[in-house]
Amino acid sequence: MIRKALWLSATSVFLTLFTAGGHAEDRVVNVYNWSDYIDSSIIDDFTKKTGIKVVYDTFDSNEILETKLLAGGSGYDVVVPSANFLARQIQAGVFQKLDKSKLPNISNMWDVISERTAKYDPGNEYSVNYMWGTVGLGYNVKKVTAALGTDKIDSWDVFFNPDKLAKLKDCGVYVLDSPADIIPAALKYLGLDPNSTSPDDIAKAEEALLKVRPYIRKFHSSEYINALANGDICLAIGWSGDVFQARNRAEEAKQGVEIGYSVPKEGAQMWFDQMAIPADAPHVAEALEFINYMMTPEVIAKSSNYVLYANGNKASQQFVDKAILEDTSVYPDEETIKKLYTVKPYDPKTQRVITRTWTKIVTGQ
Amino acid sequence: MTDIAATAAPSTQTPTLPARLAKGFVNRLVIIIPYLWLLFFFLIPFIIVFKISLSQTAISMPPYTPVLDFSDGISGFLAGFRELNFDNYTWLTQDALYFNAYVTSLIIAGISTMLTLIVGYPIAYGMARAPATIRPTLLMLVILPFWTSFLIRVYAWIGILKPEGLLNQLLMSLHIISQPLVILNTYTAIFIGIVYSYLPFMVLPLYSSLEKMDYSLVEAAEDLGCPPIGAFWKITFPLSLPGVVAGCLLVFIPAVGEFVIPDLLGGSQTLMIGKTLWNEFFSNRDWPVSSAVAVILLLVLTIPIMFFQQAQAKAQEQGR
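Protein chains in written order, with my numbering: chain U, 7 to 371; chain W, 1028 to 1347.
Accuracy of the hints is not assured; some may be wrong.
Pulled a few chain U residues facing chain W out of the computed Cβ check, cut under 8 Å [said to hold, decoys possible]:
no., residue
1, K74
2, G81
3, P351
4, T369
Straight-line distance between alpha carbons at most 30 Å, and here's what the computed DSS-like set of lysine-lysine pairs gives [stated by the list, open to error]:
no., chain 1, residue 1, chain 2, residue 2
5, U, K345, U, K158
6, U, K173, U, K260
7, U, K170, U, K260
8, W, K1078, U, K74
9, W, K1261, U, K355
10, U, K366, U, K355
Note that these hints are calculated values from the structure, not bench results. Because the structure is a prediction, the values reported are computed rather than measured. A virtual CB, placed ideally from N, CA and C, is assigned to each residue, including glycine.
Input sequences plus hints: build the corresponding full structure.
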């Protein structure tokens, strides 16, 4: 027993020395987040408060992030994939479970969002929500009014009804180059289950999309921000925050372009960007501290005020700008939230069918 | 070339044996360096990609099996080795998509190369015939665009070609057209983008072979009554052929795999092999199939080039 006690105390002395040594050196956390997705003063504040240096790096597509993670040894400590990508990455063993005892701020999280993210990350064991939003319709108010005679865009019908979309063809329609966002929307419009993996249902979605294909100018996942802001196009299916960015750029440019965003009444897809720690992260303790800091109500509210996305932090809502909190296209009302749906990640076989269907829709081959 | 070597040879003194050995060693070293480069940055990566193309996709890190390593000993390595097969190549033949994408890429690259040659040849010819004092300036002007990022230059074309863009505004204010031309997001825009981006790669080799040409040959032809156009086709063009070939290869090869220009300037209907590879790799997360696409692309490109070089070498020998 004595020997064991000695051994234990020796180990603890060693550990104290070791961790003290760690403290003496610069503490660092390597963060990999979406581009234009944080108020940079938050990073400075975090370094001031904790003494941990933040190496902040950005990406602009889930695919790029995923490739780095799957190759392993990315060197990142905190990454922010979207939930449907996260689910598959968890299966592949990319992430480590979060030590909740190091995350006291987790009590601030919003159950409405956590319940939904748990579909991707059961028990929210691997991730914490950063921001969330919807896939909806961004439009140029004046041009759409001129073409359709109304600026009331509140249904997928404006896109999936070939007669209506044909009127918008000349002023330009862009669509996300992302089958996982558009095929479920088509299924929802057809009254089918957006999560359906049945080849028959996917074929029906394909048919619906092929009907409107002649009126779509381009499939692209980021160009629509500029195209909307410059007034080059009048309708885009896009991610909520991107459309808000386009709206702000258009306002700044003062060229008279007015951008609207609508969550279709039939229901729209919700997406979630989740903070997680790679299994091979070199600075786990710092990563947990960073994630915990990001769950501080004032901090994440500051981020929402800057990036114009809703966050999954209930306690932060009192600090979010009123204009954003009351904007139902950012924080939809309860009625609308009930209609929003989530889409589970596809299994590899369905993924192949979906991608092949998508290639056929986009290129006609 | 052989004339110069023959006249230069007698003037060099025969060096001592150790000096010759040293010189031989240095020469060999100089030759070895490019081979080492090819070994480390081409052959080994190619073998890795080829190996992945024989694997199967899996939800793991990395996303394919088997991962060959020696941690399980030699038997584990061999067991993994036996799992490799050519299924992914069979898969590529079952869907016409891949074949069409290859063919489209080759056609787009072929047309773009011809257009680049047509645009580049007069530029190079003009440069080579310009007074020697201003040639360095002209050369500088050809290289100048490289100082701006390739991506920014391609983006700039969006601003020029779009319906409300600079080109349409200009043409409409001059009353040449009444409706904006639709160029952006079409094949025309891709050709413009490729010709613009790769023009220096065509002009530089053309210029170097045209500049070396002995212009007195053309003068002699003209003195003997050959009209200028005839002299060009009989003398100038054949003598510049090495430059034409080098320029065409430098444009054609990267244009086949081009991804950025069709993505930004082309329409969504453009199906090129670069995009197909991207889809397989990123959307389907199917590293094995995308590796197979890459291996076939490499074969499609290198085999004709090898045949071509062989034919050229034979022609040179016969010419001698």
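Against which earlier hints does the structure fall short, listed by number upward? When the structure is compared with the hints, numbers 1, 2, 3 and 9 turn out to be violated.
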